[in-house]
Structure formats: C-alpha cells, structure tokens
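Engineer: Given next are the chains, with one letter for each unit.
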Amino acid sequence: MRTLKILLQKEFRQIFRNKIILRIATIMPIMQFIILPLAANFEIKNINLVVVDHDHSVDSRKLLSDITSSGYFRLIDYDNTFDEAYKYVETDKADVILEIPAGFERNLVREGSQEIFIAFNAINGTKAGLGAGYLRTILTSYNKDIVVGLVPSMKTKEESGINVVPLDWFNPQRNYQLSLIPGILGMLVTLVGGFLTALNIVKEKEIGTIEQINVSPIRKRDFILAKLIPFWILANVVFTLGLILSYFLYHIVPQGNLFVLYVFVSVYLLAILGFGLLISTYSETQQQSMFIMFFFIMIFILLAGLFTPIESMPHWAQLITKFNPLAYLVQVIRMVMLKGSGFKDILPQLEVVAIMAVVLNAWAVLNYKKKV
Amino acid sequence: MRDRRVLLILFGMPVVQVLLFGFALSNEIKNTKIVIVDYAKDYASQQITTKIGASRYFNIEKNLLTHEQLLSAFKKGEIKEAVVFPAKFAENLADNKEAQVQIITDASDLNASNQIVSYLTNIIQNYEAEQNQLQQVPYRIIPETRMLYNPELKGAANFVPGVMALVLLLVCVLMTAVAIVKEKETGTMEVLLVSPMKPWTIIVSKAAPYLILSLIDLVSILLLSVFVLDVPVEGNLLLLLAESTLFILTCLMLGILISIQTSSQQVAMLISLVGMLMPAMMLGGFMFPIENMPYALQLISNVIPSKWYYIIVKNVMIKGAGFSAVWRETLILAFITLVLFLVSLKKFKIRLQ
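Top line first, the protein sequences correspond to chains A and B.
The opening residue of the first sequence carries number 1 in our numbering; numbering runs sequentially from there.
The opening residue of the second sequence carries number 373 in our numbering; numbering runs sequentially from there.
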C-alpha cells in the first residue's frame, strides 16, 4: 500500500507539473462540450425546393402553396426548364426539383389522375428519404382536398381516415441536443482518458525512466494502479464538469439517479483507461501508441450508436458494437439521463463493462514486463 | 519512416476505417424489433400489421403489454418502438370516425425515432390509399420520384466522402504534428538549425515524405470505395486526385504548424486528436447539415478544411461535376494552405530557447 501511495504522489506531481497537458485534458473538452452540441441538429427542415411549373394554373399554385406552407420546404426559385433547375441541385443550392407538367389541372379534372415529377438530390439518403415522405404526406392531403372541393358528395367518405399519432417518449419536444449531449459528454471523457493513459507508460519507456521503476521492487500491479488512478480521477472531474454544464447551459436534468450514473461511469472509465494502458504497454514509442489508440477511438466513436443508430448497421457491425465499451456508455447515459432508468435496468450493461475492465487491466498488468 | 509499426498503422488504418464505416454507417433502419400492441384484433389492424412485417425495416413481435410494461421495456432499452392499435380500430374506420394508431418511439435516440415514424407513417398511409383505391376515388396526383446521384439511397454515397475527409485530415495532421517536435525532443533539431538550411527547406522536406505516404493512402481508399463499396468515381479522376493532393497539403501544413508551436510530442498529439477529432467530425458537414447550425458555428465551420474537401469530393466523385463546380472551394483550400504555410514560416524559430 505504501508503495502505491508514493507512486501516486509521483504521478500526481507529474500531472500537475505539466500545466499544458492538464489544460488540454480539462479545458479543451469543456470548450468543445460548450460549442459542439449547438452543431448537432439533424432536424430536416428547410429542404430547398426548385419548382418548374409548366402549367401555371390555379391548382398547381394551390399545390405549391400547400407544399411551402408545410414548413418543411423552402422555395428557392421558379424556373422554366428542368435543366435550369438542375443547376441548382448541381451546386447544392437546392435539394428537390418539383416539375409540374403542362395540362396538370386539365388532366386532373378530365382524366382523374396526373403525374408530377420529383427529383431528389439523394447523396444524403436520409434527407432524401425523409423529404420524399413529407412530400407524399402533403400530396395525400392535397388529393383529399381537391376531391372534397370538386365532388362534395365524396366529403363524408373522405373525412374519416387513420390518424397516426406519433408519441415521442422521453423527449417529447424532439430536441436533438437532448438526444446527443449525454453521448457527446461520454465521448469527450473517453477521448481524454483514453489518450492520456495510452501515452503514459510509453513515455516512461521513451525517456528511459521506466528502467528505474523496473529495477526497483515495485510490484507490477501497483505500478499499473498508480498509472490508472490519477487519470480515473481526472476523467471523473471532467465528467462532473460536463454534467454541471449540461444542467446550466442546456437545462438537462438527469431523470434517473445520479449515483447509478456515477457507478457506471466509474466502471466504464476503468475499462477504457485499462485499454489505454494496455496499448501503452504494447507500444515502443508515443507515436505508435497514439496511432493505435486513435484507430480504436475512431471505431468506438463512429460505432457507438450516437450519430447513426446501431439498428441501422449491418449484422456484423452490430456484433462489433458488442465489444465497444463506448456503445454501452452512450446507451446507459441516455437511459439514466433521459429515460430515468434505474440500477436494475442498466445491470446487463454494467456487467459487460465490468468484465471488460477486469480483463483489460489484468491483461495490461500481465503484459507489462519488467524487462527492457 | 523506420518505424515499421507506425508505417503499418498508417496504411492499414485508413483502409480498415473506410471499409468499416463505408459498410457500417447508414441511417437506414433495418430489421428492428417492433412491438405491436393490438387491442383491436380486427381485419384492419391485422392487415396493417402484416404490411409492417412485410417491409424490410421491421421484425414484428406481437404482445399485449400494459402501459407500465411498455415503459419498463423502453427503460431497459429492450425495445425502441411500439405500435398501439386501440380497441374497435376497424369499426371506427368503417364508421367514418377517426381511427387512431399510436406510434411510440424512444425519442432519446432521435435519429432512429425519426426514421421509424416516417417509415411507419408511410406504410399506414399506403394501406389507407389502397383501401381508398378500392372505393374508386377520382382525381389523384401521382408523384413520380427520382433519386438523383444515388438511386438506391445507399448510405455509403454520403459517408465515403465524409470518412475520406475525416481520415485523411486526422492521419495527415497527426503524422506531421510529431515530425518537428520529435526532433526538438530528441535534440536533433539543433543539428538542423546550425546547418545552413533555410526554414522553408526544413518545412518542405519535413512535409514531402508524408505527402507521398498520404497519396498512397488516398489511392488505396479510392480503390476500395470503387471496387468494394461500389461507390464509383463519376467525375474526372485526375481532378479528384489533384484536389485531394491540395487537401493533403493543407493538412500537412496544419500539422507542421502544431509541431512548431508545441514543445512536446504529447502536447502535439493531444492537440491534434483530442482537439480536432470531434470538431472535424461534427462541423465537417457530413454528420450534421451545416445550414441547421447557428450562424456563429457556420462561421467556425468555414475554417475546418475537411468541410471544403467534403464538398469537393461529393461534387466530383458522386455527382460527377467538373472543376467549374468546385473552383470556389479549391481556392479556399489553397488560401488556407498558404496562410498556414506563412504562419509556420514566421513562427519557426531559428534559435533554441
């Protein structure tokens, strides 16, 4: 125990001596946490629309006003030909082209049906898909309107219908920040803890001080623990600051028990810091260690289910997420902060992360050889 | 260069990442579990249930859960969506009353929730339209929809340019960020400084090998995206390569600037990763639409080189546009590169502290 205490003293002194690193580890993530959530808005409003109206009839104008008043579409320009409109799409100024053919109104009345042409810029498949969905909904209700207008007898038949009521549990305002901020906080904590530990042991290797530790009677376990604990505390501090900020800046009140959250985060940090240390024991230079950690962190972040849902990944990628500690953190932070899940609800996730923590740290201890 | 492991990672990493993310990242929900709570159990609710089950998005599980049971299943994260048919659904529908369907989603994950609501609404509306067709409704507008550039709505078309920009940016910056600072740490910088080399020769010669490395990375990423991910290069390949070279130069200059400004490898690496990873990802334009951001952030996003490169790749590679479509972005990238180079030159100290 005494060795551990002395080692801890050494680590803390080293951390606090290097003011720049300390600043990077605390201020940088906090700054990002203040700024980045503002960018996180997936809401698909303002789909830019170009219209090519060959008909210029009352009906076509009514259709346009229905579309623009829906709030989803923003009319950029009227054009005379499709090619002119296409230029807008090419330069990314518009997302949709709506072409209403000549004789739109006449055909609608005479033949009972009329086609209109819609072209989406589909590079962003999600945006196009959702936009197409909105348009279809608008057209459906427009169809009902003209039927009611033209054939009053149809009225009773058409008024009924299925009323789809979406209920958005846990986030009724459909607030994107609410959905993303807890996860972003988790990611920043991971970045700080992961990179700092990954650099730590290997730095001692590079500057040669590890030899002194190797020849001293320090036990491997104590050495690894002494590396782990300071960063564990540091990451917890960053996490707490983040929670305070999200309360004051974004008014996110944790629905669940904070104690449950801290229990999970503490165990999670042990896992991710253990992973960093493991990489550190394997690599010979700081550069190596950094690149390897970077490789894994990218995978952890993009496959965490925060930015794209895990459900939308192919089966094999979903399997990978089972080994991604960050995926569990994002899940649990969301559960506790937004859904108010209790200790029992997060138990399965906690078990997995606890196993990861034990395995990774044990591995790091075993892999750290007291030889040069 | 001598370090085999770093070299292996440098080549292996972008390849693995582009493959992984090209396949894995998409926003299209597939085969998610959906619970149908059917209190009606009549022909209409069953027909809709069959339709939902037939779509490739959902796997149905029928279960008569109470509100509390639903809530606890949501809290455990076991399910993310449920459809509730109230009693007498078909009866209400037939009686010309309003028939209600509730779609309950877990909006703590809004991306998934949005998709689910939109798919389900479409399925139900289609069902309704079919029913009405049977009753011969006159006057219909039939939308004929074309999806430009990406008819199958593949996620890869959006994510390949994005991941390319992200991976190239971080790898190039990280590589060069350590270059000069490492010489400072190991003390070999003094040798360079006392030699008669001008600062710009040192900077250029530091950047050159990494430029070649990055170009090899770029080519392997492109080969992968064409042959494995099925995202072809629609535009001029040479133009794409030239633009990519420019972008790589921008990143190298950024890395060198970080390298000159910092005093230890640790600081250089932490700045280029902890400092840049999240902003590049979130403000780069491929995750979140830039037009949705507050104005101040839109301004900040302008200084992120990967934003411009992402636009260029999207235009040249996916849309097949020519230089005329991307000259503005090219100029901006060139300008950023020049500024970074000049600042590095100025900050480069010829003496040791």
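In case anyone wonders, no lab produced these hints; they're calculated from the structure.
Be aware that one or more of the hints could be misleading.
To be verified - Below are the DSS-like pairs computed for lysine-lysine, each with C-alpha atoms no more than 30 Å apart in a straight line:
{"#": "1", "chain 1": "A", "residue 1": "K203", "chain 2": "B", "residue 2": "K402"}
{"#": "2", "chain 1": "B", "residue 1": "K554", "chain 2": "A", "residue 2": "K19"}
{"#": "3", "chain 1": "A", "residue 1": "K19", "chain 2": "B", "residue 2": "K556"}
{"#": "4", "chain 1": "A", "residue 1": "K344", "chain 2": "B", "residue 2": "K448"}
{"#": "5", "chain 1": "B", "residue 1": "K402", "chain 2": "A", "residue 2": "K322"}
{"#": "6", "chain 1": "A", "residue 1": "K322", "chain 2": "B", "residue 2": "K413"}
{"#": "7", "chain 1": "A", "residue 1": "K10", "chain 2": "A", "residue 2": "K369"}
{"#": "8", "chain 1": "B", "residue 1": "K578", "chain 2": "A", "residue 2": "K144"}
{"#": "9", "chain 1": "A", "residue 1": "K144", "chain 2": "B", "residue 2": "K556"}
{"#": "10", "chain 1": "B", "residue 1": "K402", "chain 2": "B", "residue 2": "K448"}
{"#": "11", "chain 1": "B", "residue 1": "K402", "chain 2": "A", "residue 2": "K344"}
{"#": "12", "chain 1": "A", "residue 1": "K203", "chain 2": "B", "residue 2": "K556"}
{"#": "13", "chain 1": "B", "residue 1": "K719", "chain 2": "A", "residue 2": "K19"}
{"#": "14", "chain 1": "B", "residue 1": "K434", "chain 2": "B", "residue 2": "K405"}
{"#": "15", "chain 1": "A", "residue 1": "K19", "chain 2": "B", "residue 2": "K718"}
{"#": "16", "chain 1": "A", "residue 1": "K144", "chain 2": "B", "residue 2": "K413"}
{"#": "17", "chain 1": "A", "residue 1": "K205", "chain 2": "B", "residue 2": "K448"}
{"#": "18", "chain 1": "A", "residue 1": "K203", "chain 2": "B", "residue 2": "K460"}
{"#": "19", "chain 1": "B", "residue 1": "K554", "chain 2": "A", "residue 2": "K205"}
{"#": "20", "chain 1": "A", "residue 1": "K344", "chain 2": "B", "residue 2": "K434"}
{"#": "21", "chain 1": "B", "residue 1": "K578", "chain 2": "A", "residue 2": "K322"}
{"#": "22", "chain 1": "A", "residue 1": "K10", "chain 2": "B", "residue 2": "K554"}
{"#": "23", "chain 1": "B", "residue 1": "K405", "chain 2": "A", "residue 2": "K344"}
{"#": "24", "chain 1": "A", "residue 1": "K19", "chain 2": "B", "residue 2": "K413"}
{"#": "25", "chain 1": "B", "residue 1": "K556", "chain 2": "A", "residue 2": "K10"}
{"#": "26", "chain 1": "A", "residue 1": "K205", "chain 2": "B", "residue 2": "K434"}
{"#": "27", "chain 1": "B", "residue 1": "K405", "chain 2": "A", "residue 2": "K322"}
{"#": "28", "chain 1": "A", "residue 1": "K322", "chain 2": "A", "residue 2": "K344"}
{"#": "29", "chain 1": "B", "residue 1": "K554", "chain 2": "A", "residue 2": "K369"}
{"#": "30", "chain 1": "A", "residue 1": "K203", "chain 2": "B", "residue 2": "K554"}
What the hints assert, rightly or not - Distance ranges between label pairs, derived from CB positions:
{"#": "31", "chain 1": "A", "residue 1": "I27", "chain 2": "B", "residue 2": "M569", "range": "21 to 29 Å"}
{"#": "32", "chain 1": "A", "residue 1": "S141", "chain 2": "B", "residue 2": "T422", "range": "23 to 31 Å"}
{"#": "33", "chain 1": "B", "residue 1": "E470", "chain 2": "A", "residue 2": "F259", "range": "41 to 49 Å"}
Note that the coordinates shown come from a computational prediction; the quantities given were computed from them, not determined experimentally.
All C-beta atoms, glycine included, are put in the ideal place defined by N, C-alpha and C.
Engineer: Does each hint fit the structure? Answer for all of them.
Structural biologist: Hints, verified against the model:
1. A:K203 with B:K402: Violated - the C-alpha atoms of K402 (chain B) and K203 (chain A) are around 45 Å apart, more than 30 Å.
2. B:K554 with A:K19: 20 Å, holds
3. A:K19 with B:K556: Distance ~19 Å between K19 (chain A) and K556 (chain B) Cα, so the pair holds.
4. A:K344 with B:K448: It holds: about 8 Å lies between the C-alpha atoms, which stays within 30 Å.
5. B:K402 with A:K322: At roughly 18 Å apart (the allowed maximum being 30 Å), K322 (chain A) and K402 (chain B) satisfy the hint.
6. A:K322 with B:K413: 37 Å, violated
7. A:K10 with A:K369: 21 Å, holds
8. B:K578 with A:K144: Answer violated: K578 (chain B) to K144 (chain A) is near 68 Å, above 30 Å.
9. A:K144 with B:K556: Violated - the C-alpha atoms of K556 (chain B) and K144 (chain A) are around 74 Å apart, more than 30 Å.
10. B:K402 with B:K448: Between K402 (chain B) and K448 (chain B) the Cα gap is close to 21 Å, so the pair holds against 30 Å.
11. B:K402 with A:K344: 29 Å, holds
12. A:K203 with B:K556: Holds, at about 15 Å.
13. B:K719 with A:K19: 22 Å, holds
14. B:K434 with B:K405: 10 Å, holds
15. A:K19 with B:K718: Distance ~26 Å between K19 (chain A) and K718 (chain B) Cα, so the pair holds.
16. A:K144 with B:K413: 28 Å, holds
17. A:K205 with B:K448: Distance ~45 Å between K205 (chain A) and K448 (chain B) Cα, so the pair is violated.
18. A:K203 with B:K460: The hint is violated at about 70 Å.
19. B:K554 with A:K205: 15 Å, holds
20. A:K344 with B:K434: Holds - the C-alpha atoms of K434 (chain B) and K344 (chain A) are around 25 Å apart, at most 30 Å.
21. B:K578 with A:K322: Between K578 (chain B) and K322 (chain A) the Cα gap is close to 41 Å, so the pair fails against 30 Å, i.e. violated.
22. A:K10 with B:K554: It holds: about 25 Å lies between the C-alpha atoms, which stays within 30 Å.
23. B:K405 with A:K344: Status holds; Cα separation ~22 Å.
24. A:K19 with B:K413: 67 Å, violated
25. B:K556 with A:K10: Cα-Cα ~25 Å, so holds.
26. A:K205 with B:K434: 59 Å, violated
27. B:K405 with A:K322: Holds - the C-alpha atoms of K322 (chain A) and K405 (chain B) are around 17 Å apart, at most 30 Å.
28. A:K322 with A:K344: Distance of about 20 Å is within 30 Å: holds.
29. B:K554 with A:K369: Roughly 26 Å separates the two Cα atoms, so the pair holds.
30. A:K203 with B:K554: Holds, at about 13 Å.
31. A:I27 with B:M569: 21 to 29 Å: Violated, since I27 (chain A) and M569 (chain B) (Cβ atoms, about 36 Å apart) do not stay within the stated range.
32. A:S141 with B:T422: 23 to 31 Å: Given about 25 Å between the Cβ atoms, the range holds.
33. B:E470 with A:F259: 41 to 49 Å: With Cβ atoms ~46 Å apart, the hint holds.
Of the numbered hints stated above, those contradicted by the structure are hints 1, 6, 8, 9, 17, 18, 21, 24, 26, 31, listed in ascending order.
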